[in-house]
Amino acid sequence: MLVAAIVSLTVLGTVLGLLLGLAARYLRVEGNPIIAEIEQMLPGSQCGQCGYPGCTGAAQALADGSAPVNLCPPGGVALVQALADKLGVEADLSGMEDQGPQVAEVKEEICIGCTRCFKVCPTDAIMGAAQQIHVVFREACTACSKCVDVCPTEALSLQAVPVTLQSWYWNKPKLEAA
Amino acid sequence: MSEIFLLLLGTALVNNVVLVKFLGLCPFMGVSRKMDGALGMGMATTFVLTFATAASWMLEHWLLQPLGIQYLRILAFILTIAATVQFTEMAIRKFSPGLYQVLGIYLPLITTNCAVLGVALLNVQEKNGFLHSLLYGFGSALGFTLVMLLFTGLRVRLSLAQVPAAFAGAPIGFVVAGLLSLAFMGFAGLSGH
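Residue numbers (this note's numbering), protein chains in the order written: chain A, 1 to 178; chain B, 1 to 193.
Simulated from the structure, these hints should not be mistaken for laboratory data. A portion of the hints provided could be inaccurate.
Some chain B residues near chain A, calculated using beta-carbon distances under 7 Å [said to hold, decoys possible]:
1. LEU63
2. ILE69
3. ARG73
4. GLN86
5. MET90
Computed spacing ranges between beta-carbons, pair by pair [stated by the list, open to error]:
6. GLY186/B - ALA24/A: 56 to 62 Å
7. GLY13/A - GLY186/B: 43 to 49 Å
8. SER167/A - GLN70/B: 55 to 61 Å
No residue lacks a Cβ here, since even glycine has one placed at the ideal position from N, Cα and C.
Construct the entire structure; sequences and hints are all you get.
Structure, rendered in structure tokens:
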């Protein structure tokens, strides 16, 4: 009976999966392939700072040219340039000084443990509990600054990524003459 | 013939899934802001509910009962329902992109619409035959669509009415849903049982 249960549910799942796979093939919607490519380039944290509902919406707007290439604050200058190359448009870099990659940081002495910041974090990069000091995981933070906006005590701020033993690397070799 | 009619009437009005059995309240509150969204949701749910009822009847009588593994009923039913919903989503996306935009997040949520699983389980509980089950599912779905449309009409008017600030939005929606439910209790005397 145990075997019957395992086999029957496995077969059921496989058959349904096959049917859905076939349906996906026959009912596929031809989308603009560039949208998927642009979406791959965006940070993918769905932070919504560009004003579009998530990165897919932003990628669609970028593909039909209804949005400027510098719409993504977390992406920084590197993303603006990459998007400009991809779409073949001039990148408007004025007013965008590159501060380098940034991450959010909690000032521990003024954090009151209100839990507001980690509720809005799109990448779950903040950990904490009520009345406990919160902490930011630098690996997961995309510097979307949503937490900075909701913090009632201004304990959160964006800082340049600190150099640690894990993130330090040799400078790339440069030509003397240049 | 009259039996079929009575069954449809009974499931759609007398034992309405939303207002009498209180199943499927999530899309009832969630997608009742615009008429075309509500109609689309009703139609998508009608398809899923009818199809899932038929599929779960076959599953129950041809797979679970012969093998004596009825304890896996909920798992097997949910699997079928999820697959049906996935298929519906693909079909709607292909044939009606406008509707796909309107339904948005609520389309995958039909999987967790408890009316779908609830009706499938009620069919098993009441030991209905295949045609009976199909009609039960279809009637319930008709009732769901009807109530969605009624409620959406009310909410569209409500959004223009002057509601006290404390009640604006969802609270007055719940009050209206309660009143509508009371009205549907009036159908209780319509059929014999």
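Unmet hints by their number, sorted upward, for this structure: 3, 6
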